[in-house]
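Colleague: Listed here are the chains, written in short residue letters.
Protein chains: 4
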Amino acid sequence: MRSTPDLTALYRQVRSQTDQLVEPLSPEDCVAQSMPDASPTKWHLAHTSWFFETFILNEEISGYQPFHADFGYMFNSYYNTVGAQYPRPKRGLITRPSLSDIQRYREYVDRHMLRLLEEDLLGGGTAQIVELGLHHEQQHQELILTDIKHLLSFNPTASPYREIRATPDVSIKPMSWQYYSGGTCWTGTEGAEFAFDNEAPRHRVIIESFELGARLVTNGEYLAFMGDKGYARPEFWLSDGWATLQTEAWDSPLYWEKHDGAWFARTLSGLRKLREDEPVCHVSLYEADAYARWAGARLPTEFEWEEGAKTVAVDGNLAESEIFHPVPLQDANADSPSQLFGDVWEWTQSAYAPYPGYRPPVGALGEYNGKFMSNQSVLRGGSCVTPKSHIRASYRNFFPAQARWQFSGIRLARETR
Amino acid sequence: MRSTPDLTALYRQVRSQTDQLVEPLSPEDCVAQSMPDASPTKWHLAHTSWFFETFILNEEISGYQPFHADFGYMFNSYYNTVGAQYPRPKRGLITRPSLSDIQRYREYVDRHMLRLLEEDLLGGGTAQIVELGLHHEQQHQELILTDIKHLLSFNPTASPYREIRATPDVSIKPMSWQYYSGGTCWTGTEGAEFAFDNEAPRHRVIIESFELGARLVTNGEYLAFMGDKGYARPEFWLSDGWATLQTEAWDSPLYWEKHDGAWFARTLSGLRKLREDEPVCHVSLYEADAYARWAGARLPTEFEWEEGAKTVAVDGNLAESEIFHPVPLQDANADSPSQLFGDVWEWTQSAYAPYPGYRPPVGALGEYNGKFMSNQSVLRGGSCVTPKSHIRASYRNFFPAQARWQFSGIRLARETR
Amino acid sequence: MRSTPDLTALYRQVRSQTDQLVEPLSPEDCVAQSMPDASPTKWHLAHTSWFFETFILNEEISGYQPFHADFGYMFNSYYNTVGAQYPRPKRGLITRPSLSDIQRYREYVDRHMLRLLEEDLLGGGTAQIVELGLHHEQQHQELILTDIKHLLSFNPTASPYREIRATPDVSIKPMSWQYYSGGTCWTGTEGAEFAFDNEAPRHRVIIESFELGARLVTNGEYLAFMGDKGYARPEFWLSDGWATLQTEAWDSPLYWEKHDGAWFARTLSGLRKLREDEPVCHVSLYEADAYARWAGARLPTEFEWEEGAKTVAVDGNLAESEIFHPVPLQDANADSPSQLFGDVWEWTQSAYAPYPGYRPPVGALGEYNGKFMSNQSVLRGGSCVTPKSHIRASYRNFFPAQARWQFSGIRLARETR
Amino acid sequence: MRSTPDLTALYRQVRSQTDQLVEPLSPEDCVAQSMPDASPTKWHLAHTSWFFETFILNEEISGYQPFHADFGYMFNSYYNTVGAQYPRPKRGLITRPSLSDIQRYREYVDRHMLRLLEEDLLGGGTAQIVELGLHHEQQHQELILTDIKHLLSFNPTASPYREIRATPDVSIKPMSWQYYSGGTCWTGTEGAEFAFDNEAPRHRVIIESFELGARLVTNGEYLAFMGDKGYARPEFWLSDGWATLQTEAWDSPLYWEKHDGAWFARTLSGLRKLREDEPVCHVSLYEADAYARWAGARLPTEFEWEEGAKTVAVDGNLAESEIFHPVPLQDANADSPSQLFGDVWEWTQSAYAPYPGYRPPVGALGEYNGKFMSNQSVLRGGSCVTPKSHIRASYRNFFPAQARWQFSGIRLARETR
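Chains as they are written, first to last, in our numbering: chain R, 2 to 418; chain F, 2 to 418; chain W, 2 to 418; chain Z, 2 to 418.
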């Protein structure tokens, strides 16, 4: 059985980290919703508190008085077992409660949570739900940054989330490849640290020998694909991808803009000239897959990716570096692929499916992951907005193939020759 | 030639009236947009200032420095002659500039405008544009209230715009009718006071003798229509109305909600029990027309309405009463229909069309009214959110037949027997 | 009181005219539906028979046995009073009954109808419904040609409805104008011949003096508008028109195609080189209105049009000429505008509204015209696919402003100088 | 290397089988298209001929004259490498060429193909494409029946494709289960008979021990799920499924209708009373998955299914039985699950993905299968409209999770206890 962390310290740390992310934002920034898939910052702040109130405080404190009678409805995301939900596409219309009301809500929940934690009043199962709630909050930390980037991209003033230091230019070498022999490999969580239910059960898979690209695909390489009419040649595209490209009139990654013949990209520190040495980001699975075919390669399966990552330390350009943007490869690694963790989520060719023997938890928390196992693809490795303590080799993120507003990029794979 | 008002005083009064309307609202309330047809309060505040900046300051002050380089694009509503416009359905994403930035923008514009006005630097044509800008701002005062009502209606907390005093219950007598002999009648502005271009040219129309309902249709009467399966009987409905009713699943006016078998309505002072003595409000032309057919009557033409209103003083439950909700008829008027001005805009059966010989002004201001003369219906008389100095007998408001978020209600008419 | 025609002869003539129109078509041509607004030929054949079965045979023949139990549902167009209707957008899925079944249906209805007519068994009111049914069938004759043109336009083989003789080239003179003094004018049917309910009551309208273009606008003139960037300059367009143009990506009239730099048009006799001398056709109200503004003119009101047409004999390129396409002006007329009848329906600026005192007939036939009096514009004069006996000066056709698949074109008007 | 069949005999047999399927249909039945996913019968007849013309005749016969210049465009389904395609949703508008034209097209292609085949003029690679073309045609035989069923379901007359003999009632025993030990199992085609590219490469997968339901789920069992409010309880549904259910207002399988309290189903022999002993059919993956959860089981993976099927002879209620409807289980099989082949396609929980090392063929035929490997689920086993010679244990069919117009049903699986 795995040891539980110091939950009290962890609780304080994670919750305050969330508050810190919101500091550069005005109440107006925090209320708007730029599309149904994204949520307002204020909603993220409230929903993560709703999680603790619903699954811990309501259950553990006899006579607990919820902060507000309507919040159970307003800030439930998708837990049908808990009750009805305010319509997702209209979250941006919740101008009341105000941001300061929600901050009071957070303090109210924190006060009660910390009393429970400090007085050590929680049983083991409940402590695990608290831990889950903190990992849940970290997911929403990432979404706060992802969603605010999307929102600000609609602003003609190109006003930044905040000014972020630039990194020096780097000369990127041609792609090299890392060989893996495959075989019968174990995959999924070992259980020694926290993991979501969808990372279990640990099980064996058969993997043929394969190679992984030693680094992420760069903007410069992606520009070569575009220059070779990549967006106009159906032979590289999945059928759904080709249809999406035409419906959406895609001709470059999300957030790219051409001004006076030069490419720029919107970033969390505003509109910046596109750098060819940076990993390409904000591409859909369809674009990642088309690029890979054009490059004579393919995307890895999630099992190949995990095989490549499982002996690599979790390190890289993650949220703690506070750059919130992928950075050029600094030092190539001789023994393993670089940039496996951080920078960009790496699309795999694997559909998001249950591992053999998977059963969702009983009750509302069974809705956390299991019910999304259709029409989504697995991404691996975390990004520049993922907290370091949140990511691991067995971690499975998932988004629909057409999603582009996540920090998602491309790792290549190929058969061995 | 009509005399111009004291523009300086009028300017101060109208501008400060706008600011006053916003006082009960938070910055968050002011940024959100509940549908493409509605706009954020902040946008209204900025756009009305943009009007003066664009049509007066940029033209009249040599070397005038616009407040912000992007505002010309962001706050242009629909003037193609002036330039491109930020997409209307995305106005709610403009979290920056902040509300206080926009308030500074207003002050900046006011400072320049007042200098021009106080120093009497404007020629006659320009003074007329200033006057137009003030009537334009009054239209947006009304929209601020209309649109914020719509926005708050999506809020589960039923939080009010502000608390508003209730009026006493009234016993409403059965509908009586006012007779008009018709004939060859003059219609349109006489030119003695300000009027929009669409109220001219004054011209003659032939009107058969007719009757107008002596008061507005009430909620109680409308409930009788509903109780008689009015929303389920196609024989009362225009074909487009019947299709809309089914697509939108309408079964009552907008903002009506049934709780435990009793009808409630959302108002600017929150959710209130529906009062049968109040004029029915927030109905589409389709509903108004269907009600009229069910009641054995019809809607008036805009010329009949004007014939009924042209000798009646402009008075009633207008914005100055600060009730912002239609009120029951207090005193029936022996000589003319009651409630012609204020309470609710009255749907007419007239399509919004140019008067004979109408020509829009040359230049951008020609886009103010003329280009909307298709697929809209004329409404007359102003509502409880219309400023008293803004309305008159010749005033032509216009909305599409399916619009319900305006304070729109029902005046009946019928042929003489 | 107007005299009734020889109904038996008329019945035979109209019904056989319909059958004749179908002769060039295969059963497959007759089943398909190219858009919800258009109907399959087979449906037109059945619906016009359903009209007689429903409103005459079911009522007048005791124990009448309808031809098929399901036809009452399948071939009811929009008469809610009669009963439910098969969904309009799915009419093309009715592969059964077959075309020959429907032809038998027609014969069955004809046999019963002719017995009633020949034995003179109908009262006056019923005879009027028969007459209405024949005018109704003529409307569907026009729609058969209009809809089959639309259907065949999607066929890559450019296969014609049938080969139609070409007319010689004509040199068109610059537009001249016809003056009308206006005044208090009578409008609407005089009652001496058949008219639809929407042409009554006859009533007076005041018309200012005006001028009508002496002929229709030609393709050559319309090309000049296009060449002057007419489709790219918002100043000419109604707001809804400009929005529609962008949504639909319009840049020329319907059925125009550019091949190797030259304009062609799809016609009922296949794809043909565009002729500049022909009247422009298949334009929406928006395009007609924008053209008129560009040309420094405007569209006529329906009352102006009728004033111009009421002393003109009904003659021109109508369905009987069997050209089914507008033809160039042959002889200019010194005393009145040419081409008032036939060639193309002429858009007016008048919304389709009830005449003062209009009441729809009681019962199902009250749904014939009245319920469509919203969001439609009036067109006048008939087209090259309208039977000559069907059209008259008071005739009011109506379509939504964006409709283009009708044979609709442009007559200019202007104020007198 | 696998032996090739007698291609000439096979060609004659398959082509004539297609013609035979069309015999009960009129030209009108053959032209209509009931939704974008379905195609007209005539289009299927032409497209299967286009396949041979494009990939064999154009390549192999020097100076070959295609039957019609436009057919290459009109009857290309989705081969971008070959050229542009007529828009799929408009296939029902192709009233010309007629059905008899297309039958002549088939004869023309057959004449040329048979000369090549009989004179043995084809190399090995080309012979394989002919074989592929025949399996392709068998797929379209199935689609002809599937699509015509969908089309006729919109017909109010409930007219059948043809009368089909009924099977006797059967008493179905409670579900029993078949145990499999799993392990490291081979999956995919062995190469001894024809297989599509997506069935290769043959490879090993690790399968835990599992059980398969010994027969298909019946209508009676599915009614119990419905009676237990299965369509109203989100806990059984994938998130996308729950959303689809609400958007589409699903409350039973496709083609089920309730009349006077009793369930009926549309079949290829018309509207029939629902039989509880028949396998449930025309359910989406979402419904199959929800049913399985409700029943305490799950859907099999495609590898589990193949493990269960690989030693079972291909036999069952397939197209050759000419019932074209699932039939009740006649004899339970002691040694293996029954009904694995025929009756209904069995949804698996496996996303349609490439097998390890899969590479699509070079050229246009690479578009046959590979580009559809996203957002689709694998179905196994064939149905009552699948030709017997077309199906095998390694066969992978694929459809989106929401598809219901295929003959798709439910096989349960579960972990061993």
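Source of the hints: derived by calculation from the structure; they are not laboratory data. Bear in mind that the values here come from a model prediction, so they are computed numbers and not experimental data. Mixed in with the good hints, there may be bad ones.
[Unchecked claim] Covered, in the sense of this in silico footprint (three residues per stretch, anywhere, with C-beta under 8 Å from a C-beta of chain W), are these stretches of chain Z:
no., region
1, 70-80
2, 132-143
3, 156-165
4, 181-187
Glycine included, each C-beta is placed from N, C-alpha and C at the ideal position.
Colleague: Would you mind marking each hint as holding or not holding in the structure?
Modeller: For each hint, the structure was consulted:
Counting residues of the region 70-80 of chain Z whose CB lies closer than 8 Å to any CB of chain W gives 3, which reaches the minimum of 3, so the coverage claim holds. With 0 residues having a beta carbon nearer than 8 Å to a beta carbon of chain W, the region 132-143 of chain Z misses the requirement of three or more and the stated coverage is violated. Counting residues of the region 156-165 of chain Z whose beta carbon lies closer than 8 Å to any beta carbon of chain W gives 4, which meets the minimum of three for the stated coverage. Coverage of a stretch by a chain is defined here by at least three residues with a beta carbon nearer than 8 Å to that chain's beta carbons; for the region 181-187 of chain Z and chain W the count is 0, and the condition is violated.
Checked against the numbered hints given earlier, the structure breaks hints 2 and 4 and satisfies all the rest.
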